[in-house]
Every structure is written in structure tokens, then in C-alpha cells.
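Please build the complex by placing chain B on the supplied structure of chain A, with the hints as guidance.
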Amino acid sequence: QQQVKQSPQSLIVQKGGIPIINCAYENTAFDYFPWYQQFPGKGPALLIAIRPDVSEKKEGRFTISFNKSAKQFSLHIMDSQPGDSATYFCAASKAAGNKLTFGGGTRVLVKP
Amino acid sequence: EAQVTQNPRYLITVTGKKLTVTCSQNMNHEYMSWYRQDPGLGLRQIYYSMNVEVTDKGDVPEGYKVSRKEKRNFPLILESPSPNQTSLYFCASRRQGRVVGNQPQHFGDGTRLSIL
Numbered sequence: 001q002q003q004v005k006q007s008p009q010s011l012i013v014q015k016g017g018i019p020i021i022n023c024a025y026e027n028t029a030f031d032y033f034p035w036y037q038q039f040p041g042k043g044p045a046l047l048i049a050i051r052p053d054v055s056e057k058k059e060g061r062f063t064i065s066f067n068k069s070a071k072q073f074s075l076h077i078m079d080s081q082p083g084d085s086a087t088y089f090c091a092a093s094k095a096a097g098n099k100l101t102f103g104g105g106t107r108v109l110v111k112p
Numbered sequence: 001e002a003q004v005t006q007n008p009r010y011l012i013t014v015t016g017k018k019l020t021v022t023c024s025q026n027m028n029h030e031y032m033s034w035y036r037q038d039p040g041l042g043l044r045q046i047y048y049s050m051n052v053e054v055t056d057k058g059d060v061p062e063g064y065k066v067s068r069k070e071k072r073n074f075p076l077i078l079e080s081p082s083p084n085q086t087s088l089y090f091c092a093s094r095r096q097g098r099v100v101g102n103q104p105q106h107f108g109d110g111t112r113l114s115i116l
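Just so you know, the sequences run in chain order A and B.
Be aware that the first sequence starts at 1, since it is given in the numbering used here, and climbs by one per residue.
Be aware that the second sequence starts at 1, since it is given in the numbering used here, and climbs by one per residue.
It is worth saying that the hints were derived from the structure and are not from the lab.
The model shown is predicted, which means the values in this text are computed figures rather than measured ones.
C-beta atoms are modelled at their ideal positions from N, C-alpha and C, and glycine is treated no differently.
If a hint is listed, it holds; no wrong ones were tucked in.
Sample of chain A residues at the chain B side, in silico, Cβ under 8 Å:
{"#": "1", "residue": "GLN9"}
{"#": "2", "residue": "GLY41"}
{"#": "3", "residue": "LYS42"}
{"#": "4", "residue": "GLY43"}
{"#": "5", "residue": "PRO44"}
{"#": "6", "residue": "ALA45"}
{"#": "7", "residue": "LEU46"}
{"#": "8", "residue": "PHE89"}
{"#": "9", "residue": "ASN98"}
{"#": "10", "residue": "LYS99"}
{"#": "11", "residue": "LEU100"}
{"#": "12", "residue": "PHE102"}
{"#": "13", "residue": "GLY103"}
{"#": "14", "residue": "GLY104"}
{"#": "15", "residue": "GLY105"}
This is chain A alone, in the form it adopts within the complex:
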């Protein structure tokens, strides 16, 4: 069973819109939650990450919101641009652990 569930599978927004991607996890031992961005023909690259001691983290136009009690976290892309069109993966792991568990991915298309 998937320990990290990601939704939606795909998303289309107009330029300037705010795509929101949601993830839910089951394992309460997870305490590191990164997001990876993947462009066609390339490997995933770390975008932003959060630990459960904070409820929100911003880096540029990307914001992670974290709800520990609900075991959910989400990625918001503010003022989205066509260059943000990519597949986004949430992930989770335990501190000092050796496994990174990924969600199923969300393909985001930002129309000009």
C-alpha cells in the first residue's frame, strides 16, 4: 500500500493561478517531507522541504503547508508561470533514515 498518497494526478491552471497539490501520510514516524520537481527527460530535483515542527515554509513562489494532526501537507505555487509546468512529487522519510517514500506524482500544466 502507498504510505504517501498524493492528489490530484494532474492539474491545469492559467498563468498567475495557484496550483495546490495535497499529500497525506500514514506513518507517524515520518519527520522529513521534501517536494521534488521533475521536468520531462530529467531526474527529480529537490524543490523545498519541511520538518513537522513548523506549519509553513516559503521559498520564493513555493510554499509548503503542514498539518501534523491531520498527517497532511501541501504545496502551493504562487503566481504560477509556464516554466513551472512539471511533475511534482511529495515524499516522506524518518530522520536519519535511509528510505525516501514518494507520492504518486502530480503533473502540473500552467497555460500562458
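Chain B only, in chain A's frame:
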């Protein structure tokens, strides 16, 4: 330039014909890992290695082998490939920090395998 290099990038082969996908990193990272990416399933870890001669199973190790004889190389071996191993494969590496959260993984650009 820091990078993880995979070869080949594309391969079409037939059931049962042994193949090896190579992975090399130039960042002197201790930790290396192999993933497969399938639609709707995200990336699933196949094997990982904490350092030379230290390897362990990930979530989907069946049908795969790995070896870590040198720090920079971590080849993935399919001894008898089957059609259900048709997938997009990624190698990744990172420093083996005390806390994994501080050490982002660097991914190669992928190898697309088709097994007929």
C-alpha cells in the same frame, strides 16, 4: 560539474537477456540508491547503498541485483529481465549525513528500459 550519470539512457531488450545499467557520481557521496518510476506510483526504491560494500533492499528489490565495489559507481543488474520490469529507472546519490533531512538526493536523468 556535480552530476549523477546513468547509462544507457534508453534500452529495448528481450525477456531473459541479462543487462546492466551503470550509475556513476562525481560528488564523493557515500549514499547511492536506485528507483523505478511508474505512472501513478511515483518513485519506488529498489536498492540502496550506505557506502562501499554495504547494500540493502528497498521496497521493490525482486528481480534486481546491485553491487558497490567503488564509491562512485553503483550498477543495477537485471539477471533475467521480464516485461514487468519495463520502467523508467533513476539513480540518486547524497552525502550520508547524520540526519537525512539535511542531505538532498541528486538524481541522474533516468534510463528508460523496455523489456519485450
